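**Q** If you want the building blocks of each chain, they are given just below.
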Amino acid sequence: MIIFNYFMIAVIVILALYISLIKNHINALLAYGMFGAALSAVFFILNAPDVAIVEITVGAAFIFFIYLIAIKKVGKVRVYYVLTPYMVEKRENKIMGFEYALLNHFIEAKGLEVEYVEVSEEESFQKLEKSGDILIGGHTKINDNEILESEEFLPTKIFMVGKPNKTSYGYFEEDLEAKYKLDEFNDNFIIDLIRYKYLLYLGKTFNNNKVEELKTTGYKILFNSNNDFLKEEFNDFIEEFKNDKDKYEELIRRYIG
Amino acid sequence: MIKTIISIILLSSIFFIFIFNVNIGDATSTFTPELIIRENGSQNMVSSIVLDFRLFDTFFEVLVFTIAIIGVSFYMEKLPEYKGKDTILRSPVIQIMTPILFQIIVLISLYIALTGHIGPGGGFAAGVILGTGLIGVSFVKPMDEIENIFKRSKIEKFKILSPLLIIIYGILGLVWGDTYFANFPLTGEVGSLLSGGSAVLINFIIGFEVFAGTWTILYKFIKHRGLL
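Quick mapping for you: the protein sequence lines, in order, are chains Y and A. No gaps in the numbering here: position 61 of the first sequence is 61 in the working numbering, and each next residue is one more. No gaps in the numbering here: position 81 of the second sequence is 81 in the working numbering, and each next residue is one more.
The set of hints was computed from the structure by calculation and includes no laboratory data. Note that the structure is a prediction, hence the values are computed from the model and not measured.
So the derived label-pair ranges between C-beta atoms look like this:
hint : chain 1 : residue 1 : chain 2 : residue 2 : range
1    : Y       : 131       : A       : 144       : 22 to 28 angstroms
2    : Y       : 250       : A       : 137       : 48 to 54 angstroms
3    : A       : 139       : Y       : 14        : 29 to 35 angstroms
4    : Y       : 163       : A       : 76        : 55 to 61 angstroms
5    : Y       : 242       : A       : 70        : 38 to 44 angstroms
6    : Y       : 116       : A       : 151       : 35 to 41 angstroms
Residues of chain A clear of chain Y, computed beta-carbon distances all greater than 10 angstroms:
hint : residue
7    : 36
8    : 97
9    : 172
10   : 193
Listed below are the simulated DSBU-like cross-link pairs for lysine-lysine, each with C-alpha atoms no more than 35 angstroms apart in a straight line:
hint : chain 1 : residue 1 : chain 2 : residue 2
11   : Y       : 179       : Y       : 166
12   : A       : 78        : Y       : 231
13   : Y       : 110       : A       : 78
14   : A       : 223       : Y       : 23
15   : A       : 141       : Y       : 23
C-beta atoms are modelled at their ideal positions from N, C-alpha and C, and glycine is treated no differently.
Please model the complete structure; the sequences and the hints are all you need to start from.
**A** What follows is the structure in structure tokens.
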């Protein structure tokens, strides 16, 4: 019996090291169940059957269930996206783009389930507040106190072409009207870098107007006003992601160039 | 800032006043096993210590457990409810065996609570076994039915009364004993079911409290996070 006891104690030590070193959650949980059973056996051998009963129910069953429910996928997040060049694009029924890829990294890291829904520019904010969790699509400045903004995930610049009387989607000024159709942008507007690049790609030239750099800012992801927790998680994630230089720059190179 | 400093000073002064004024005395017990069995009547000596000699400690354990459960309920309420579809396992083995196993689990739990003073067991183990057994039922029954039972039984409110019951029992100790938390004087014959004074009663109170608590935790987790 003494030998069996020493064997069990060795098992406990090995399992404890295994639990603390393993990365996979489910494996750690299974090992914790075995740990509880082994500890219960040790208690039983050491003449403490009362404690052994409690340990085998709490350690091997109850905590196992609780953790199993706790580490499961949290639930569905509804993401609305506004089609934006380079950020969220649709090609052959597949969504792609920088912001989409970045958000997918975040969703994967947090173990969330996600549902992407396309939304038009006109009703994006109402839909976000009504039934969505996240809104993506190259937002730089919004005039809405309710909606939460994340940290800047990509630096950008705002350009002023001519004497501005309108702005592009994503950059909202109180006294200027926002227009959504990029093809109609010919002169006198404020625009952000990504969309400006797209205009150049379309073959537009602004020789008659002076192109001026207005200010430096960054793109943000928008959250529903109830999703403060998700926003904090995303801010932590983006800080960590930016430190991983290779991955971040590779993502920029692939989608923006 | 000033408030924090003042409260820290007050707390530490209360702590030190308490420490310097409490007479701890000789910590070793003068009871021998024979004395314990003669005085309490429980065959399981752990039970007689936990439920009679050190009932004051047990009471605070139950209180801490209750407060922890209230905290879990309170913070889980703030999470959004799980709206996905129920995952009911379609395996016939689980669907047929779980109701049968659940009855056995209930019987084991009652047995452990009832004979906690004779053999190994006790209220805490009984409550946890019963509460964990209920999660097996949630594998095969839809969540609505479980929710209905949970709401209808009002167990979430009744479980808070358990510490109160122990307090009342402790005060009633003045009636049949000479001090608070005195044991019920019917010690009976050692080894028989009706022995150990009020051990069975307190085991059932603690068992109910722990069962309600574990069930509340599992219910809140399943409701707000979904099952598996």
